[in-house]
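Asks: In case you want the letters, here they are:
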Amino acid sequence: MGFGIEPIIAISVICGLIVLLFPLLVRKGPNRGTYQVALVISGFCIGLLWATTYMHQMNPLFGPILHNTTILLMQKEWAGMYPNGIQEAGHEAVAAATH
Amino acid sequence: MGALFRSEEMSLCQLFLQSEAAYACVSELGELGLVQFRDLNPDVNAFQRKFVNEVRRCDEMERKLRFLEKEIKKDDIPVLDTGENPEAPQPREMIDMEMQIFIDCTFQATFEKLENELKEVNNNAEALKKNYLELTELKHILRKTQVFFDERDTEESSEIRKSLITTDAVGGAPTGQLGFVAGVINRERLPAFERMLWRACRGNVYLKTAEIDSPLEEPSNGDQVYKTVFIIFFQGEQLKTRVKKICEGFRATLYPCPDTPSDRREMAMGVMTRIEDLNTVLRQTQDHRHRVLVAAAKNIRNWFIKVRKIKAIYHTLNLFNLDVTQKCLIAECWVPVADMETIQLALRRGTERSGSTVSPILNMMTTKEAPPTYNRTNKFTQGFQNLIDAYGVSTYREVNPAPYAVITFPFLFAVMFGDIGHGLIMFLAALYMVWKEKPLQAQKIQNEIFTMFFGGRYIILLMGFFSIYTGLMYNDIFSKSLNIFGSSFTAEHIPLNDIKSHEVLQLNPNSTAQQYTNKPYPIGIDPVWQLSANKISFLNSYKMKNSIVLGVAQMLFGVMLSLWNHTYFKRPLNIYCEFIPQILFLLSLFGYLVILVFFKWVWYSADTAGCAPSILITLINMVLMKDNEVPGCPSTVYAGQQQFQQFLVLIAFLCVPWMLLVKPFVLFRQNSARVRARANGVNSTLAAEEGVVATDPHSSGGHGEHGDEEFEFGEVFVHQAIHTIEYALGSISHTASYLRLWALSLAHAQLSEVLWGMVLSLGLQMEGWWGGIILYVLFAFWAVLTVGVLVLMEGLSAFLHTLRLHCLVLPMVEFQSKFYDGNGYAFMPFSFEVILEAARAADE
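Residue numbers (UniProt numbering), protein chains in the order written: chain A, 1 to 99; chain B, 1 to 844.
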């Protein structure tokens with residue numbers, strides 16, 4: 001189980017602002033309560049959806065099934081391999097992947 | 001307490017109005033729009049009410065105005081709409097002669113005069129036009145026949161004569177003189193006319209035609225028609241009558257035509273001068289008519305508003321009671337307690353304007369009747385309140401779901417509609433409508449679809465906003481992903497040989513494979529899944545769990561709101577016998593389900609993936625009290641799981657009889673105690689006062705009150721049984737129902753992916769210069785389908801499903817059925833604004 005502390009802090013701060021601080025800034029008026037409730041609920045919804053999304057990925061039970069051309073491209077684009085072009089990997093699928 | 005959480009506190013008031021001030025006061029209240037009058041003479045027929053004459057006069061005026069408006073429209077004169085809102089004309093004294101004179105003189109007289117004038121002008125114009133037409137036709141006949149006659153007098157005529165005479169010569173001696181008839185006929189009738197003539201007269205007539213080049217106007221309907229002048233030569237009286245009959249049958253107009261050229265010339269001159277005269281007269285009449293209508297067009301909007309206001313006032317006055325002295329009118333009305341002050345002020349203003357000295361009296365009354373439900377909304381909350389009212393107007397002072405729906409509705413919509421691109425389109429469209437709110441409102445567009453979208457602009461704005469957010473979470477923009485933070489999966493360590501030998505490879509997130517960074521993608525779904533072949537099985541499990549978590553959270557929230565209702569209405573019995581078992585039932589089954597979901601997320605990693613239990617199977621086994629057997633794995637997820645689950649199921653099952661039985665029996669016992677107490681009380685008073693009680697008004701009143709709440713055990717029990725079954729079965733089916741969040745969002749994502757793959761990606765793969773052109777065309781196609789199908793149609797479907805989750809007129813709604821009664825009736829104040837708007841809508 002692994003998780004990064006930065007996104008948790010960031011989202012907590014954002015949701016905390018929406019839920020705790022923003023309701024105090026709502027202009028006074030007959031609908032103040034409505035807007036405050038709306039802010040609290042939206043902060044809760046935003047936080048909850050992020051949390052389920054994040055937790056669902058904390059312990060992936062299985063990994064993605066990828067096409068080999070996709071893997072080559074991932075290696076080139078995301079990992080910086082094959083600096084002289086993907087042709088050096090030397091595979092017939094490469095021609096398709098270069099597009 | 002905030003404005004929208006519960007409906008406004010209402011109170012029934014009695015209003016005493018001095019009869020001379022009544023008109024002005026009601027007019028002021030109509031401008032205010034905060035008072036709902038009750039009909040105090042429901043038995044009185046509409047024709048027997050007090051102000052029926054005035055109402056009828058207003059109707060008459062309105063009819064005249066409509067006639068005027070029609071005439072104005074016929075002439076394409078622009079109607080001046082200043083948008084101003086004139087007050088109802090203020091008569092100095094009500095029901096007095098002055099009022100009558102006022103209306104008659106200023107309004108009626110003006111209208112009547114105008115109306116008569118117009119009618120006269122119209123009639124005149126028609127007669128003149130008919131005259132004009134005849135003369136023009138005659139003019140044409142004279143001109144054209146001149147040619148024929150010229151021909152006849154030359155050598156050709158002898159040929160005509162010869163042919164006619166030779167064929168007819170057998171019948172009698174040639175007279176040497178040919179008769180003729182001249183006239184005008186519609187051009188399209190000419191061929192048939194010619195054929196008919198030929199057949200009927202056996203070819204013994206000679207027809208000459210000449211077309212009139214310019215179209216002539218038909219006076220009856222104003223159409224432009226082309227006509228032809230004809231002249232028929234024949235011989236003998238018999239043929240003449242026959243020809244005339246045929247002409248009649250074909251609606252040809254015959255004109256007398258003098259024989260000699262000089263006569264004809266003279267007649268033509270005469271006709272010309274008469275036509276000139278008529279033209280002048282016609283032009284002047286038209287001008288006059290136009291001037292009259294232009295003058296009317298300037299004022300007609302204001303007149304409409306004034307007349308409608310007067311009518312509305314008299315309609316309202318008809319609801320009032322007249323007191324015995326005939327000096328004052330009595331009204332009963334529902335009034336928001338918070339607005340008492342404003343209403344008093346308006347009444348005072350009305351009194352001052354009417355010049356009356358006695359101020360009206362507004363008295364609060366106590367009543368057992370349920371007051372109307374009035375939710376004070378603004379332009380932002382209006383749309384949401386309308387959505388809620390679609391389910392049923394809330395019971396008086398009940399918790400109003402609208403303030404919560406402000407967010408939950410757009411959010412649940414967005415869960416089904418999650419896509420940054422589509423959300424952005426929706427958001428920007430709504431933003432435009434909000435931005436240009438005032439100009440768009442002023443345009444008064446009557447298009448039904450536009451008004452629907454415009455009315456829901458704030459809902460759409462929030463739906464768009466949350467769709468962008470959920471799109472960010474699903475990492476989905478037009479079915480592509482954003483890689484902002486860098487994927488957590490890496491393919492760095494896969495050897496080239498493996499890549500070459502396998503067409504597909506699965507990355508392994510376990511701790512040894514070094515293909516997973518062990519930190520999830522920070523915000524949203526990892527972009528690598530968008531590229532993968534098993535994306536759907538990953539997203540399915542994510543979205544399914546998501547919808548269960550959201551659904552249970554919303555249902556719990558709904559049950560919590562019911563607690564607020566119970567404490568507000570002071571129904572402690574409902575808390576102990578309904579709220580507590582309800583929430584226990586929900587928590588012990590579905591709350592546990594949510595906990596299991598989170599537990600599975602945290603507890604099982606890729607290394608132990610094989611032993612991760614299916615949550616659904618676990619839940620089913622829990623209720624069936626069976627073991628969860630997976631070979632090679634521990635049978636429980638945590639120690640004591642079996643016992644804990646059995647305990648939860650036991651609680652859930654205990655909650656059912658608790659909900660079903662406790663409340664009816666408690667009520668039954670309370671009732672029998674009350675009956676006994678009353679019997680004792682009556683006995684004691686009887687003993688004390690010895691028979692006087694029978695005529696005592698107090699005790700009889702007390703009896704009447706108790707008569708209202710007659711207790712029937714059977715009814716209460718059946719009601720409770722229905723309620724319990726509905727809740728217990730409902731919780732299960734509603735949880736399943738929330739799975740539509742998953743289904744719809746999956747369908748949306750798939751559809752947008754298909755659209756990308758089948759349309760736009762084809763264009764992107766084209767090579768050569770023509771590739772650009774094809775891409776251009778395909779992009780247009782893709783964009784149209786994206787907006788039309790994915791944003792509009794899919795949006796509508798997601799909207800309806802969200803509405804279903806929140807509120808529909810079914811007993812099995814997910815959120816609101818947890819706390820919402822919806823047995824109220826809406827507050828419909830007497831308001832000029834509403835009345836005028838309705839009248840305008842009816843006009844168009």
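What the hints contain is simulated information worked out from the structure, not anything from laboratory work. Owing to the predicted nature of the structure, the values given are computational and were not obtained by experimental measurement. There's no promise every hint is true.
As the list claims (entries may be wrong) - Simulated pairs of lysine to aspartate or glutamate, EDC-like, Cα-Cα distance not exceeding 20 angstroms: (1) K306(B) / E503(B); (2) K139(B) / D76(B); (3) K76(A) / E503(B); (4) K28(A) / D339(B); (5) K240(B) / D223(B); (6) K70(B) / D287(B); (7) K76(A) / D498(B); (8) K570(B) / E9(B); (9) K500(B) / E77(A); (10) K368(B) / D76(B); (11) K480(B) / E6(A); (12) K130(B) / E9(B); (13) K76(A) / E492(B); (14) K70(B) / E211(B); (15) K74(B) / E9(B); (16) K519(B) / E6(A); (17) K70(B) / D59(B); (18) K306(B) / D323(B); (19) K519(B) / D498(B); (20) K519(B) / D607(B); (21) K139(B) / E211(B).
Unchecked claim - Reference listing, derived: stretches of chain B covered by chain A, where coverage requires no fewer than 3 residues with Cβ under 8 angstroms from a Cβ of chain A: (22) 241-252; (23) 500-510.
Don't be surprised by glycine CBs; every beta carbon is placed ideally from N, CA and C.
Asks: For every hint, state whether the structure bears it out.
Replies: Quick rundown of the hints versus the structure:
no.: 1; hint: K306(B) / E503(B); in the structure: violated, 81 angstroms
no.: 2; hint: K139(B) / D76(B); in the structure: violated, 32 angstroms
no.: 3; hint: K76(A) / E503(B); in the structure: holds, 18 angstroms
no.: 4; hint: K28(A) / D339(B); in the structure: holds, 19 angstroms
no.: 5; hint: K240(B) / D223(B); in the structure: violated, 32 angstroms
no.: 6; hint: K70(B) / D287(B); in the structure: holds, 18 angstroms
no.: 7; hint: K76(A) / D498(B); in the structure: holds, 16 angstroms
no.: 8; hint: K570(B) / E9(B); in the structure: holds, 17 angstroms
no.: 9; hint: K500(B) / E77(A); in the structure: holds, 18 angstroms
no.: 10; hint: K368(B) / D76(B); in the structure: violated, 57 angstroms
no.: 11; hint: K480(B) / E6(A); in the structure: violated, 26 angstroms
no.: 12; hint: K130(B) / E9(B); in the structure: violated, 69 angstroms
no.: 13; hint: K76(A) / E492(B); in the structure: holds, 9 angstroms
no.: 14; hint: K70(B) / E211(B); in the structure: violated, 37 angstroms
no.: 15; hint: K74(B) / E9(B); in the structure: violated, 51 angstroms
no.: 16; hint: K519(B) / E6(A); in the structure: holds, 11 angstroms
no.: 17; hint: K70(B) / D59(B); in the structure: holds, 16 angstroms
no.: 18; hint: K306(B) / D323(B); in the structure: violated, 29 angstroms
no.: 19; hint: K519(B) / D498(B); in the structure: violated, 26 angstroms
no.: 20; hint: K519(B) / D607(B); in the structure: holds, 16 angstroms
no.: 21; hint: K139(B) / E211(B); in the structure: holds, 13 angstroms
no.: 22; hint: 241-252; in the structure: violated (count 0)
no.: 23; hint: 500-510; in the structure: holds (count 9)
In summary, the structure is inconsistent with hints 1, 2, 5, 10, 11, 12, 14, 15, 18, 19 and 22 from the numbered list given earlier, while agreeing with the others.
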